[in-house]
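Trainee: Given the coordinates of chain A, work out where chains B and C should sit on it, guided by the hints.
Top line first, the protein sequences correspond to chains A, B and C. In this text, residue positions in the first sequence follow the working numbering: the first is 1, and each later residue adds one. In this text, residue positions in the second sequence follow the working numbering: the first is 1001, and each later residue adds one. In this text, residue positions in the third sequence follow the working numbering: the first is 2001, and each later residue adds one.
The reader is advised that the hints may include incorrect statements.
[Stated by the list, open to error] Calculated cross-link-like contacts (lysine-lysine; reagent style DSBU-like; alpha-carbon spacing at most 30 Å):
id: 1; chain 1: C; residue 1: Lys2018; chain 2: B; residue 2: Lys1214
id: 2; chain 1: C; residue 1: Lys2067; chain 2: B; residue 2: Lys1348
id: 3; chain 1: C; residue 1: Lys2075; chain 2: B; residue 2: Lys1369
id: 4; chain 1: A; residue 1: Lys19; chain 2: B; residue 2: Lys1348
id: 5; chain 1: A; residue 1: Lys80; chain 2: C; residue 2: Lys2018
id: 6; chain 1: B; residue 1: Lys1518; chain 2: B; residue 2: Lys1356
id: 7; chain 1: C; residue 1: Lys2018; chain 2: B; residue 2: Lys1237
id: 8; chain 1: C; residue 1: Lys2078; chain 2: B; residue 2: Lys1348
id: 9; chain 1: C; residue 1: Lys2032; chain 2: A; residue 2: Lys105
id: 10; chain 1: B; residue 1: Lys1237; chain 2: B; residue 2: Lys1151
Simulated from the structure, these hints should not be mistaken for laboratory data.
Okay, here's what each chain looks like letter by letter:
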Amino acid sequence: MDESRRILEHPILGVTEEKRIVHFQYDGKDMTGYEGEPIASALRAAGVMVHRHTKKRDEPRGIFCAIGRCTDCVMIVDGKPNIRTCITPLKEGMQIQTQYGVTAKTN
Amino acid sequence: MKRYDLVIVGAGPAGLSAAIEAAKNGLNVVVYDENSKPGGQLFKQIHKFFGSKEHKAKIRGFKIGEELLEEADKLGVEVVLNAIVLGLHPEKELTIKVEEEVIHVKGDTVIIATGAAENMVTFRGWTLPGVIGAGAAQTMMNLNKVRPGDKVLMLGTGNVGLVVSYQLLQAGCEVVALVDAAPRVGGYGVHAAKVARTGVPFYLSHTIIEAEGKDHVTGVVIGEVDANWNIIPGSEKHFDVDTICMAVGLSPMSQLLKSAGCKIVEDPKKGGVVPEIDELGQTSIPGVYAAGDVSGIEEASSAMIEGRIAGAAASEYLGYITKEELEEKIKVNESALDALRQGMFAPKNRGKLLEKTEEGVDISMNLLKKGYLLEEEVEKYPGVTKQKGVHPVIECTQNIPCNPCQDSCPKGCIMVGKNITSLPVVDTEKQCIGCGMCVASCSGQSIFLVDEEFEEGYASITMPYEFLPLPKVGDKGVALDRSGAKVCEAEVVDVRKAPVFDHTNLLTIKVPVEMSMKARFFKN
Amino acid sequence: MVKVNDRMRDIGEFIPAKDDDILICRCEEITKGEIRRAVHDGIFTMEEMRRYLRNGMGLCQGQTCGKLVKNIMAKELKISPLELEPETSRAPMRPIEMEIYAKDGGNV
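Excised from the complex, chain A in its bound form:
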């Protein structure tokens, strides 16, 4: 797992406790993250910035508020659209897809 964006030791919060590593799929690619961390957090650590493309203007969106308010980070999780990835815990085997409008890309 790429840990370059993770804070392993913090001057105030100390050493980050180790969590169980889980495997998930992002647009068909195999990835890993920590169990129970927000999906958005695992994606950010893996370098993923774009969570969805908007319906009208097809513009990219990603994390904005990170507390479940703005709904900009929604993705398709295990087939369900509009899942706020910033507050949804990551689980083993999750299928996470970029959302286009309210669906996954169809072609």
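Mentor: Leaving out everything else, chains B and C in the frame of chain A:
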């Protein structure tokens, strides 16, 4: 329908404090919160709080959160998480989404402590991934332990913008600039100074013109604004960044109260639309109270007191305590609240430009424009003295409600006095022993120990240091001045860590004696 | 507060601006230009604007854009934002799946 003496919406500092107060008085209390973790924003606050002992000063926000949760738990307060309050209806009935169903509960009293939402500003590219709220940055780095970006530009110099910039530095991010359309730094000067001395430039009277990038942010262009907020042509500056962070204020989340029919007012001094409340926090609906940011944007310290007052008021409303007992509780809490609402950042002074401190000393305009004090300004303040041997130099230059430095000195060298917004005074009659307790206790990191007789031709400077890696004795590097500019070579001569310092390490460097009032930061 | 009769007031022509294409409502993708033009079409209150353009009616329920829309409308109407009444708040305060909302058991 389940019925409670008190239903609280929001498990942040106000909601939890209200729950604790009410549960102590014997009320059967439930707290609902839409988040998966309680504590509101407290667990993202890793800096030491201001105020005095009664406000939990010099304790870090997340520790205060832990204390509140523990106390609420001991008192048997029921905290329901992932619970989304959908509506507050007549007869104090609430509809709440818990898991996959909507439940109804009734509170004989209700306290709304839903907090605030972040404001945003728009510019070209503001919807690009990489443009985030300051709260998002805090969530990502302090809770989820993921750096929001490598190179960050911060918009907003209020306390949130300043504190989050510092936290970004602590998380190992580079902060390329702090930008604010206002002509002056909005937050505490001490928060600005601790960011500025690490070398982060401040651009006041500047705003973001454009976030660049196709799929995500790759750069940003800022420009200077004139008196009419128009960009001055030719003032554009470009920065390579992957993250733009917005800290442009908060708005009370008062929609629930409004939907319930509480009288509301729009008050810019309180941050927006707020319920009309009396001195107990009671809204126009008897038995429905508001506490914390939802009734006006302030610090978490104030929210906790407002919560306690509302909790006591609900207790009296239901007859669990007498009117006299309530009055007694209010007296204590109101004086604590009053102490926090004094000084140059008091709600009543918002938007005013004060030119002198309460003591009559000129307020540093450089601090307000650039984020740091000039050397010639520093010497005017009562915390800055010239003495033989080691002594504290307190670069605290604004009247803010805070006094842990006074209590920290075992020798009584530091005096703030009865009024906690007074500038600290260093008593030159008392002998400093260089213990460094004051340096670690200052929530604003504005205290240094200076010894101009450290060695022939050399002075030592002890500074608070909250970064990693922590330099080691013998490390050689450069000393930076208050603006973050390199001023001389420096060598680390002492590094002190102690549980009592609570992660504020004391770094002592040796510099040529003529640099004793210039050098304020160290870089390897 | 803006009165219905105020609609007789002349607020001048709609003048296109460079930043009209900037999004204000992120969820429903409503631009500054659309909001400004709607004011000139006679939409003088926040409540009507939401129904007219659907700004603030998306997933986040106007959490981010509420204040922004208010300021844009006030500027166009040449009044203080304080004179514009905020939009109505009503339950449900947050988006909720119909499936769950419909299952409401009432007084259990």
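Trainee: Any hints this thing doesn't respect? Which numbers, in order?
Mentor: Numbers 4 and 5 - these are the hints that the structure violates, sorted from lowest upward.
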